[in-house]
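Number of protein chains: 2
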Amino acid sequence: VAKLDFWYEFASPYSYPAAMRIERLAKATDVVVAWRPFLLGPVFRAQGFNDSPFNLHRAKGEYMWRDLTRVCEIEGLEFMRPAHFPQKSVVAARLALLLDEAARPEFSRAVYLAEFAEGEDIAKREVLEGILQRLGYDAAALLANAGEPAIKEKLRVETAEAERLGIFGTPSFVLESGELFWGNDRLEQALARAIR
Amino acid sequence: VAKLDFWYEFASPYSYPAAMRIERLAKATDVVVAWRPFLLGPVFRAQGFNDSPFNLHRAKGEYMWRDLTRVCEIEGLEFMRPAHFPQKSVVAARLALLLDEAARPEFSRAVYLAEFAEGEDIAKREVLEGILQRLGYDAAALLANAGEPAIKEKLRVETAEAERLGIFGTPSFVLESGELFWGNDRLEQALARAIR
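Residue numbers (our numbering), protein chains in the order written: chain A, 1 to 196; chain B, 1 to 196.
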């Protein structure tokens, strides 16, 4: 079975439509997706950037929201521009890594919906708590575990691996060969290459 | 008839597939395209950038060439990574503006093919001369005219207009309403909106 690694950052706007689409498209092409949350901030900093490219380049940032609105409209996804950008995503990323791989997609989609469809701030403990509770988890226990050194280290290792792969933005899709595809617009191409 | 303004920069890699595709797709959707060459350099500088984003962000720049190779393969376009990037495009842009609007697409495609399919340097006078001659123009006369103050001013006015429209990269497509679409990947969306 062909595999595709889906590298995503919870603060990343275009990771939202990618997260909502990827399982449907992967199933249609018989590709298995590994969901790999990481942090883009350390990657940006290692490359000499101290903020999101969408903030560093204002005209591009403004355009991005308009484009994302259109992309979501075409995909039939709700969209609400969040009040803050980028949102602090570290706790959400640790929670996603804590969960079983099989549970990660559902949790991750719920985080993206809160952030980009409902306008919530995923940096807030109560927002993550609400998401975990709605999905039937013991929210207090998971949030406590998310603060443990082991999970912090796991997220650092994943982030270092993303950097090693040449990832510079999200969503990114990486084939077993190491070939990299960047952007929600490249999901179809990545899947087509994965089964070629 | 619906109209679409196609804003392009001769040094821009993704403007190459856009230039090669746009007339075919526009005809299929009954949209009339206005080809509007301009210079991205002054726009970048006004936004605080002193080089192409692909040079300022090295990981993204390296990825871009790989992605462009795949895009050209999918579109059936020849591709050769040019030795220099970005190439000085000011004379090519002035020549394009000198020509009749009806002659601009053919000349522009020839410049992009020289640069991105044949690996030539469009900053060189003899490369532009060769293109003009092959297309049946009086190359010496056009190159002399391209140095006149009136055409320099025309290019400055076009570049200022691009900036006013919120353009920050190329290719960009602008509807009569002023709505902006950025990137070769957005050509289909722009055309679909133009006739909606």
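In case anyone wonders, no lab produced these hints; they're calculated from the structure. Don't be surprised by glycine CBs; every beta carbon is placed ideally from N, CA and C. It is possible that some hints are incorrect.
With the C-beta cut set under 8 Å, the calculated list includes, among others, these residues of chain A facing chain B [as the list claims (entries may be wrong)]:
#, residue
1, HIS57
2, THR69
3, ARG70
4, GLN189
Hints and how they fare:
no., hint, result
1, HIS57, "holds, 7 Å"
2, THR69, "violated, 11 Å"
3, ARG70, "holds, 7 Å"
4, GLN189, "holds, 7 Å"
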